[in-house]
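Student: In case you want the letters, here they are:
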Amino acid sequence: MSVLDSKIPVGPLADKWTKHKNDINLVNPANKRNIDIIIVGTGLAGGSAAATLAELGYNVKTFCYQDSPRRAHSIAAQGGINAAKNYQGDGDSNYRLFYDTVKGGDYRSREANVYRLAEVSGNIIDQCVAQGVPFAREYGGYLDNRSFGGVLVSRTFYAKGQTGQQLLLGAYSAMNRQINRGKIQSFNRHEMMDLVLVDGKARGIIARNMVTGEIERHSAHAVVVASGGYGNVFFLSTNAMGSNVTAAWRTHRRGAYFANPCYTQIHPTCIPVSGDHQSKLTLMSESLRNDGRIWVPKKKEDAIAIREGRLKPTDLKEEDRDYYLERRYPAFGNLVPRDVASRAAKERCDAGFGVNKTGEAVFLDFSSAIQRYGKEKAFTQGHKNPSKEEITKLGKGVVEAKYGNLFQMYEKIVDQNPYKTPMMIYPAVHYTMGGLWVDYNLQTTIPGCYAAGEANFSDHGANRLGASALMQGLADGYFVLPYTIGDYLSDDIRTGKISTDLPEFEKTEKDVRDRIHKLMNAGGKHSVDHYHKKLGKIMWNKCGMARNAKGLEEALTEIRELREDFWKNVKVTGKENAKNAELEKAGRVADFLELGELFAKDALHRNESCGGHFREEYQTEEGEALRDDENFKYVAAWEYAGDPKEAKLHKEELDFKNIELKTRSYK
Amino acid sequence: MKLTLKIWRQENANAKGKMETYPIEGIEGDMSFLEMLDVLNEELVAKGEEPVEFDHDCREGICGTCSLQINGEPHGPDKLITTCQLHMRTFNDGDTIVIEPFRATAFPVIKDLIVDRSALDRIQQAGGYVSVNTSGNTIDANSIPVNKHDADDSFNAATCIGCGACVAACKNASAMLFTSAKVSQYALLPQGKVEATERVLNMVRQMDEEGFGNCSNTGACEIECPKGISLENIARLNREYLSASTKS
Amino acid sequence: MGGFIQSSTMRKFAMALSGLFLVFFLLQHFIINLTSVTSPDTFNELSHFMGTNPLVQVLLQPVLIFGVIFHFAMGFILEAKNKKARNVNYVKYNGGANASWMSRNMIYSGIVILAFLGLHFYDFWVPEMVHKYIQSHPEDATRYYAETIAKFESPVRTGIYVVAFIFLMLHLLHGFSSSFQSIGWNNKYSKALKGFTQAYAIIIPLGFIFIAVYHYLNH
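Chains as they are written, first to last, in our numbering: chain A, 1 to 667; chain B, 1001 to 1248; chain C, 2001 to 2219.
Bound-form chain A, shown alone (with noise of 0.2 Å):
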C-alpha cells in the first residue's frame, strides 16, 4: 500500500464532491477570524484563492515577487477559458470536458479530480461575469464562445486574446475588495525563501522583502503554495523572467512530494530563437493554427537555399513542398494537439529541413487562408469573377480582423510581413503539468500545507488541453480551496496566534541567511545567467520534445556537475540587505538545478511515452507515443532525500473507472 492517500471520496463519480463538501469539517465564522492563512504567489489560484479565504473570514497574507498582484504570470494567457455550459447546445455537458480532459491529458490524471474541475467550470464563468469581466459576447448580449485544438464542441470562452489578462484583474478586483476591508494583507515585491514546519506541520514561511533586503518571519496556520510552473528550468520559455520553482521547491525540500517534474508542455507555434541574446520567447496564439497551413520544404536544397537566403519561401512551388501535419495526420491536419505538433516540427527540422538561419523553424503559411476568405467575402459581396488583387486584399482583411494583433506583434518582434511572406514558429516550453503532489483537497504531503493551480500537478495528467489552465486555477482557488482548507483547519481554532519566535522560525530563518550568504561568497567568476543558460541548453537538448535514456543520464550527470561548479564559482553582485536582483536569480537559478535533476531521473524511470513526455525508444512505427498502461499507469511522486538524484519514488496507482483507456490517434 502507498504512502500515498489521495482521499478521493467514495461514491459515483458526479457525486463525489457534492458528498465530499457535505462531509467535511467546517470552522464557524467567528472562529474563522483568529485563523490566518499564508497563500504564495497571486495568480488565478492564489489571487483567487486569497480573495474566497478573506471574504469567508480567514485573516489573509498573500505574498508575491511582483511590484503588484495583477502582474502574475496568469496575465499572458491569451485564448481562452473552458467551462461546460452548454451555452452553443452543441452537446457540451460536464461529463464530455471531463472526458476530453482526461484523454488529452494521455490517461495520466485523476479521474475524481478532473470530474470536480468539470463540475465547478460553469460556476467559474457566472462568478467572473458577476466581477464584470468582460467577456466577449454575440450582437444579442449572450456570452460568446470559439472551439479549442482537440475537443469536438465549442465551449471556450473569451476576451479577445486577453482573457488571462481579464480574468487575473477580475481576481485582483476580488482581492482589493478584500485589501479594502482589511482582511488581506498583500506583501508585493516578497519572495518565499522557505517553509517553517512546527510539529510537522506548515506553520509559516521565511521571505525576504525584495526592497530592502530584509528577512521577514510570517506565520500562518496554513500555507498555500501558488506559485505557478517551473518552465524557466529551460532558460527560453513562454514563462515571465521571473517564474521561478523556489517556492515549491522548498517546499519539497522540507517534506512535499513532487510529482510528475517530466510533464512538460511545449508549445508548437513560438517565435524562434533569433540568436543568443535570447532572454524568452514568444507565444502566438494556438487559435492561429484554425487557418495557417504549417510545412516545410520538400528538398533539403530548396531548404537550405532558403537558411541562407538564396530562395524565398513565397517561389516555392506548391509541389516542392511539405505540409507534413495533413500527409502525417489527415484527420486532423494542422489542428492535431500540441505534443504531437510540437514534436512534428521538431522532427523535420532534425532531418534537415529547418527554415530560419538556425535551422529550428517552419513555416505557418496563410496565403490559402487569404486566398479562401477572399474569395468568400467577394462572392458575398456581389463579384462572381473577382480579380486575384482583389481576393488577396478581401482575403487580408479578413485575416486582419481575426488574428490582427498577433500578426502585429510577429512583425514588430520579426520585422517581416506576415500577409505578405509566411510566419516561422518552433515549438517552445509553455506550460508544465507536474507539480507538487496533492491529494483530493490539494493538501500536500506536508499537513497544513496546500498547493494550487500550476504549481500543483494535480488535473491535466502528461498534457495539458488548451484554456484548460485558466480553468483549474479559478477553479481551485474560487471554488476548491476554500472548502477543503476548512476541513483543516477545524483543527486549529483553539491553536490562538502561531509565535514566529518559535525555535523552528529561528532555525528556517539561519537556514536562509546562511544559502543567502554562500551564494554572495561564492567563487565569483561566472554570471547566475551564465549558469541558467548551460542549464536551459542541457534540459533543451537532453530532456526537451524528446529524450532517450543516454541522454537522460548525460543530462542527470550534467546538471548534476553544473550544480557543483555553480556553488563554487557563482558570481553575485551587489549587497544581501539591498535590492538585488542578481541575488534574487541567484537564488532561483540554485532550486532549477536541483529540480532539473529530479526532472532528468523523472524522465529516465518513465520507460513509455506519454502526452507531453516522449521517449524515443517508446514510438509506435509510425513514430507516434506508445504508452505502457501496465507499468506506468500511476503518478510518480518524488520524496526529498538530501540530494535530487537520492530522491525515493512514491506511486500513486491511478485508477480508471469511468473511461476506457485508449490509444490517443489523430489520424
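Take these hints with a grain of salt, some might be off.
[What the hints assert, rightly or not] List time: in silico DSSO-like cross-link candidates among lysine-lysine, alpha-carbon distance up to 30 Å:
#1 A/Lys402 / C/Lys2188
#2 A/Lys571 / B/Lys1018
#3 B/Lys1047 / A/Lys393
#4 A/Lys533 / B/Lys1047
For the record, the hints were derived by calculation from the structure and aren't laboratory data. Predicted model only: the values in this text are computed from it and were never measured.
Chain A is already provided as a structure; the job is to place chains B and C on it using the hints.
Tutor: Only chains B and C this time, still in chain A's reference frame:
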C-alpha cells in the same frame, strides 16, 4: 550597432541619483530593448560592477512591469508597445539613448530605473471592483445580456496593463487615464453600475491623495499608452464624477 | 464649496466652466469691437449701453471679473499642484512627441494673456471707472469711438495687442475643446466640435488683431 547609453543610477530610495554614461557595442537589431540592457548588465557583472536594475517580467507586453522612459518618452519612441516589445532596429548605429525611470512624486524611485507604483494599486483598492462574493452562488452568466457595443468598450478599457506610462508621459503626472479606464470598465456593465457612485468618488479621492497631478487634456497619455486606452474614458470618468457628486 | 474645489475632477470642471464663460464673453466683446470698424455710431451706442446699463454694470460685470480672477487663480493653483506631482524632472522629456505645444504651455499663454489684461484694464477699464464713478463728467454717449481708436495710434501698443491675441489663439486652440472633455463631453460629435472650436480659436483672435491693425492704419 554601437550605442551610448545614458542611464539613471540611484542606489536606493534615499540616495541621490545621477546619470551615468555607458558605451555599448555589438547590439543587433533583433534584440529587444531589455535584451540590450541584459547585454550591458552581463558586461557590468563581468567587471564586478552592480548591474542596472530595471523592472521587467513577462517580456511580451502584457504584465505592465517594464517601465522605462527612453529618450523622453515612456516605453520609447514606438507606439502601442511596451519597452519589452521595443526592438533595437528602431535605433541607429551611433545613437545616444537616454534611459530614466518613470518620474512622478507618486512613483518614488526604489533603485536605478525601478519605481514604486503601488499608488496605482491603492487607487484600485479604493473601489476598482464589484462587491460580489466569490462563493459561486451568483446567477447564471447569461441571465444578464450585455449590449455587444458596451461589452467591447468595457473590454477596451479593461485592457489597461497598469504600467503607469500615462503618468510618466503626462506633463502633470496625472493618473486620470489609468483611473478612468477602471471606472469605465465597470460603468459600462450592468454589474458595475450598482456601485458606480461610490466607486468613482472613492477612486478619484484616492488618486488625489496619492499626489498625482490634474488632467489638462493634453492627450499625451492616450498616445503613449501601450494598449491605446482612449481619452473617452477620461470624459466618462468626468461625467460619472459629476453625476455622483450631485447624488452624494 | 470646500468639497467642490478639493477634488481634482471638480477643479478641472470649474476651470472648464469658467473658461467656457470667458469664451462666450469673448464673442460678445468681439462683436461690439467689430462695429468700431463697420459703424462708429453703433459702436458708441453699444458701448454706452454696456457702460451705463445697471444690469450689466452691477450684475454681469462682477460676474465677469469673478470669472476672470477665478480662471486665473485656479490656473495657477493647478499649475502649482501639477508641478508638485513631479518632484524630480526628466533629464530628457520629449513632450512634443505626444502632445501639442499649446496643450503643454497653457500656463505661459495664460500668463501672457493675464499681462495683456493688465494693460487692457489700464487702457480702458480703469479710465472708464475713473471717468464714470470718480470724476463727474456730463454724460456723453458718443465719446467711446474716439477714445478707443486713440489707443491704437501707438505702434508699440498695437504690436502688443497683436502678440497678446496670438497667445490667446494658442490658449484657445487647446482650451476651448479641452473644456468639453473636462465636463465629460466626448462622443461621436466631438470631432466636429473640435473643428468648430479650432475655427473659433483662430477666427476670433484674428478678428481682434484685424480691428487693432485696422485702427492703427486708419487713425
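Student: Could you tell me which of the numbered hints above are not met by this structure, giving the numbers in increasing order?
Tutor: When the structure is compared with the hints, only number 3 turns out to be violated.
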